[in-house]
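**Student:** What follows is each chain in one-letter form.
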Amino acid sequence: MPERLNVLLLDDEPIVGKRLKPALAKIGCNVEVFENPREALKRIEEKDFDIVVTDIRMDEVDGIQILEHVIQKSPRTKVIMITGYAMMAVAREAMEKGAFDFISKPFTPDDLRKVIAKAAHTLGSPIDSEMAS
Amino acid sequence: MSQKKGIPPTMTHDLADQAKTLEGRSEQIQATESARKALLARRRHRHRYSLQLHIYLSFFLVFLFVAGVATALMLTMYGVEKKLRFLEIVGEYMMEIQQARRFEKNFFLYGTNLNDAVENVYQAKQIFDNNSEELRKILGKSSQAIIMSNLRRYETMLERLVDLEQTEVTNPDYPLRKKEIEIELRRQGQKMVSLAQDLMKKEKESLSEAILRSRHIHIYTPIFLLLFLVLNAYLLGSRILGPIQRFSVHAKQIASGDFTPITPERRFRDEFTDLAIAINQMIQELKKREAVLIQSHKMRAIGTLTAGVAHELNNPLNNITITAHMFLEDYDHLSDEERREMIKDVVNEAGRSREIISNLLDFARESGSQLEPLDLPELLRETINLASNQIRLSGIKIELQSGGYLPRIHGDRQQLRQVFLNLILNAVDASSKGGKIQVLVVPADEPSYVAVKVIDFGSGIPEHILSSIFDPFFTTKAGGKGTGLGLSVSQGIVAKHSGRILVSSVQGKGSTFTVTLPVTTIPADIDSSKNLSGRG
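Line order of the protein sequences matches chains A and B. Sequential numbering of the first sequence, starting at 134, is according to the numbering used here. Sequential numbering of the second sequence, starting at 894, is according to the numbering used here.
Just chain B, with the same shape it has in the complex (with noise of 0.2 Å):
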């Protein structure tokens, strides 16, 4: 590297790093945007049928039905009416017919009343004529003038009778057209009055179907109504019911750092996926304060290790100032060889002063969530590596074992180091002067998964805050040493990761802390949802 550029190798490898954060950076919102478009565009494409809606073409449907079976029993009723009225008529009339022809018997038997007969049928025919236009309504035209027809022939018969009968002393065919008009009048009549009746007969029937036709209309209706309530019920119950026990699920996978955006299920949209958007929203904003979180967490860690780098540090600035000092005050009796040993031993410390800070530098820079493919020892031994002061200043002794061919993780190499140093930091606390911690890598019990166990042999944590430890604001460092966050962005990233953080502790003996993680030979995306395939 010359020194023209007056650039440091650390420093091109932090804007290298930093080109590549941007990009990571830019790559994650881009995927967050395109994951909205489509949201959107699936939003658009199905049918809006809000619960409002629902609720109100429900209200609207049984409104219509009750209308109608009412308008359906008032035309019945209607029905009813004009048959009752036109069986009235028809029953008059028929009267009027019998007594005519009563009248016209008695006249053949007797030689009486033959007038009376003739004022009878002018009584029906004054009847049919006053009804006429209700009863061409129930007949038609045909039929009321079939009967018309017959009446009006029976009354020329009768009218001819009479005639006749004023010639019957002049008249010698007298008995014998009499017997004519007899037998004719007699056919006539019994005619009329089988019509008549014919008619009564088929109105009855119609107006007994009617009635049962209200009387099914009774039966049916509230049958159907509470079939179509108890429908409608279980339709708007499930609507409702469904998407709420979704978003339940939902917000306990929020709830345990699973930020899995709320997919479209269904192929309508209603409230539910204003909700479903807004929630997705609160999402992106959980994650933009997730990031911010995890981000002021790595500082507080940062400002522990600080502690351990200045401690650290004294040591060559020490020997720097010690042998500076020196080489000036014997400049004068130092042989050559004595200067060039001190000089170096001033660049040696100077460059074990710049790897004590490196360790932190590197850490402390900060980056967006980048994947890579992760050796979890190698992980580990730079972590402590990282710790080593403060492991060092706490005089405790720290041990990694790793077991045999483990195979890579895929991961987040800075916020995997910032789940391992909380974790080494936090058995550090833990120990007392003198204590050990072990670091082991193994396969885990599942399948395809890796585990590192973080073990202290410290006090141990006792059993009734040991459901509480992973919450947010949870800490039992005195006087503001914690701020709680530690466990809970853990768990976060670690949940990110697709893996577990668990604990399991002996009070008096110590703890294990256990982070379980997948192997993965195809990245998962860690900013977009890892499982698209699972439910929203």
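Bound-form chain A, shown alone (with noise of 0.2 Å):
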């Protein structure tokens, strides 16, 4: 058995951390959820996380700049972005920064496994996402 990995979900969204963090569990992640970027924020300083899931749009702080401030932080971590319909743009801004990957909702739990579970290969610690089912 693998080590597991460090999994920080963020999403403003409740339904969406409390469906998730099951799921991922699963696969092999430790998952950490935030609801609040300000407070996801400063777990990331106390933390080096394996991956970081973000939503892209969110009131307070928004995903663009959580992904600068893991990168400036820690530079391993792979940045997956949530996206929603008509944010191509911001998709494509979110990559050019340094984002591992974007992920447009709506998506399937298998969806986000199997992003995680490339993140995972690159980061040399190989994980099933064909394991939940």
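Do not rely on the hints blindly, as some may be mistaken.
What the hints assert, rightly or not - List of simulated lysine-lysine pairs, DSSO-like, C-alpha gap at most 30 Å: (1) A/175 <-> B/1329; (2) B/1326 <-> A/230; (3) A/230 <-> B/1329; (4) B/1237 <-> A/154; (5) B/1237 <-> A/151; (6) A/159 <-> A/180; (7) B/1290 <-> A/175; (8) B/1237 <-> A/247; (9) A/175 <-> B/1326; (10) A/180 <-> A/151; (11) B/1034 <-> B/975; (12) A/230 <-> B/1290; (13) A/206 <-> B/1326.
The set of hints was computed from the structure by calculation and includes no laboratory data. A quick note: this is a predicted structure, and the numbers were derived from the prediction, not measured.
Hey, can you piece these two chains together into the complex? The hints should help.
**Tutor:** As structure tokens, then:
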């Protein structure tokens, strides 16, 4: 059994965290869920995560700021952006700024698992995204 | 709501609304139709007095007058001629009489020339006889008869004198008789001469009168003609210039979105009445087109809002997707409690989705003009709610402040919402990310008006284009992003509500759009003319 991946999941929609936490746990992730970007930023300061999954559009601090912060603090961390419809421009901006990938709402838990597996592979600690099913 | 009926609540609401709309529209058509009938009825009651008729009539009057003057002059000339001829005849007659009297005198003095006198009288008679027709016309039958009898009497006297002369030797009464005849003859002669002189004097007076009359005609004709022409020019001028002025004022009103039809103002009909009817028809057409324009602009606004809605819709949709997938995936391991919670989440998120699109659907629904008392702060809250996705997407904060108690206004909810939505979306476009928009509802400076201010802190509007921003098809947005109709349509809607849109802008600091609307206790009819008492 490989080492569990430390994942931070940030989305201001509570259901996203509530449902995805167990979904990701199944494929061997330690998931910390945040709804408030400021609290997430505080946690990022304290701990180096392997993967950060963040929504791009949030009220106080947006995903791009989170991305910039993470890359500055821990360059090896893979950042996956959650985007919405009609935000391709922002998604492109995120990719240019060093995001690992992006995933568009609405997505299924499997969609996210696949992206996370890809990120884990890149990190050198592959996981099986099919484990859950 | 039972499922059997199969109609969701929004749908029934829709149907009810549509019915209301149809009712409103048929009322509108009825109002227009009755206005038209009234106009036509008034037309029928007024006489038609066209400009063409006026011009023809004035020319005809001038012609009649000139012809009358010419006739009068001709008649006067004819009279003068006749009088001259009469004077000539009377003159000749007078000469003969005077000659006769001279011979008569000679006879009494020297006993000669009696036959010459008779001859002269005969000549006078001849003149009289030859011109009897003409003389009778002037003198009349009785005067002619008097003169004739006088002449005849004088002639008889002379003849008697001639007879007496032949019995000079035999008649013992001769000197007495001669004296008698002489006295009688002198008296008669005197009478005849003075009669003829009287006649001539009278005729001469009448002649100079005729000449004076002709002179007066010559003097007064041009004066009268001038007065008439000046008066006619004034009347014709004011008939033409008055309506032209009215129409130009009206054209400006139409341009500013006030579609009050032209009402008859004069007691008669003419070409301008036809023009007014044509313009009223044009106004009807413009009204229809404006309605289409408002609708199409609304569709445009809906297009803008749709992007925000589509984005916002992703959140509940994503929540439903994730929850449903996890529900399926973990079904066997979930407790009843957990299953119930997940399904509840799905239901809630579906409700949230409906909420997101219902605002837009409500706004998108086509509806006719409907007036109702409106609470402006509430209307603005609705509008901000409608644009909230777009506003959030742009990362802009919006603030609504209303100043204390504000009276309601009467207006069309949909149309006013369109105006405020347009102003708010413009403000969103003008603001940069992280910016702020303020919406204020305050009493206006004018009494019984309420003002809505939409304030942005963007780049402001350059002064040189400030005057053209309300023009149709004027846009500063690049690449077909704007139609240039938003403010133009908004202005039209606000004008229909008897309100105004004002703009003030400081470059680099932002812009303020102020909509002032009248507080009305009596609903104004937006579609028919709102001020019938106003001049058309």
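**Student:** Which earlier hints can't be squared with this structure?
**Tutor:** none
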